[in-house]
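Protein chains: 2
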Amino acid sequence: MPTFRLTVEYDGTDFEGWQRQPEGHRSVQAELEGALTAIAGAPVTVKAAGRTDAGVHAEGQLVAAAFATDLTPETLGRALNAKLPADVAVSGAAIAPPGWNPRFAATGKLYRYQIWNGVSRSPLRARRWLQIPQHLDLAAMQVCSESLRGTHDFASFQAAGSSVSDTVRSLARLDVAGQAGNAVLIEAEGNGFLRHMVRNLVGTLLEVGLGRKSPVWTTEVLSARCRSAAGPTAPALGLTLVRVDA
Amino acid sequence: MPTFRLTVEYDGTDFEGWQRQPEGHRSVQAELEGALTAIAGAPVTVKAAGRTDAGVHAEGQLVAAAFATDLTPETLGRALNAKLPADVAVSGAAIAPPGWNPRFAATGKLYRYQIWNGVSRSPLRARRWLQIPQHLDLAAMQVCSESLRGTHDFASFQAAGSSVSDTVRSLARLDVAGQAGNAVLIEAEGNGFLRHMVRNLVGTLLEVGLGRKSPVWTTEVLSARCRSAAGPTAPALGLTLVRVDA
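One line per chain: the protein sequences are A and B, in this order. Under my numbering, the letters of the first sequence match residues 34 to 279, in that order. Under my numbering, the letters of the second sequence match residues 34 to 279, in that order.
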């Protein structure tokens, strides 16, 4: 029984997230499992590197699927893309070691958050960019991002109600970059992320960018180890899981 | 009665094009006229620089709207964006000379056509990129584009059934560029375009890129002055009206 390693891309707009939901609610997991089950002729369940929230996109989610088949990875990928809806596709398929689980195999993840810092709405960016009409102080956001980089206890950036005991994570990269035409990209790369961590990091950077807080506030937020100390959770639509290293 | 010059952005996916259609069919013109009529309290009609086809997007369509009002352009722009649906917005508003008509005032237009030259579907590009899984010979397409640049009779690239008498146009630019990650961008800039001209140019470039025709074929196509001599019309979804100069 081969274990397949699938690279999956999806537009999260019309999904209630990665994870399977009750009947009548769309999830990426249910779409993939449905297509795999139809191909295998028997129930197939999958495991992902990370459970993205409702509205979050993925360019390179990693997924494991194990089931009895003679299909090559290439043929399986083509068969899946013929069955999957327009907003999910498999961009890569390979054979993984037996029992491979991308959640535990992942050594790093890269997330990108897209902000459209324009005065008016941008319809062509409506599905993937958070619009912020006010001036953003990018230099202040960059100072703030520097103090968040590295290994810290990120308890203040964890979703309220989470019960993870070890909240220490390493952020190899947290970059804020202004691009042509009012675009601002925030990239976060690390060995692991707490629930809502990237969106809470972005929400905190935005408090500084909007001038509501000074960049030094970030140090206070980190040391508080309390969700209410940080900025609000940024909306899901700006976030993309770009890559999982495994 | 001021004449407003509006820069309009739209995601063409869910529209049957720019032009007003019979009841029950969505058009960008009808959305804009509806919003303007609500603001003016009396019927307002608009004129655009170009009537984009169903499924074609615009970053910078130019539109004229004249009606009696005391609103400043800035206030009008904000009021329109509050009323317009998520897939249309006004990104700029200014006062134009009385009687200004962007169709006749336009001295140039820039179109971009986006091709995703990847083996598998890309859900995040589904609304704005034409997927072509086969290998594209970009060098051959570039040779082809060079012979199409300049002033020519583009009758072979005009939609069948068009009745324009003068089919001579000048293409200042027709560039084919490979980008990172399987993206191919074709940009066409000129003083005017015949109906379906950009999509027919792209369809012809693709015949060459796919190896079905040699680059020298392009010269034959031009001199034939007959629609059936050129390649097929490329799908609308890859096309964006980037900018109108006026």
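Mixed in with the good hints there might be a few duds.
If several chains are the same, the list does not tell them apart, and a pair holds so long as it fits within one copy or across any two.
As the list claims (entries may be wrong) - Using 20 Å as the maximum straight-line C-alpha spacing, the simulated SDA-like pairs for lysine to any residue come out as follows:
(1) 116 x 164
(2) 116 x 155
(3) 80 x 213
(4) 246 x 153
(5) 80 x 163
(6) 116 x 152
(7) 116 x 158
None of these hints come from the bench; they were simulated from the model.
Status of each hint after checking the structure:
{"no.": "1", "hint": "116 x 164", "verdict": "between (34 Å within a copy, 17 Å between copies)"}
{"no.": "2", "hint": "116 x 155", "verdict": "between (32 Å within a copy, 14 Å between copies)"}
{"no.": "3", "hint": "80 x 213", "verdict": "neither (38 Å within a copy, 30 Å between copies)"}
{"no.": "4", "hint": "246 x 153", "verdict": "neither (25 Å within a copy, 45 Å between copies)"}
{"no.": "5", "hint": "80 x 163", "verdict": "neither (29 Å within a copy, 31 Å between copies)"}
{"no.": "6", "hint": "116 x 152", "verdict": "between (41 Å within a copy, 16 Å between copies)"}
{"no.": "7", "hint": "116 x 158", "verdict": "between (27 Å within a copy, 18 Å between copies)"}
Hint check: violations occur at hints 3, 4 and 5; the rest are consistent with the structure.
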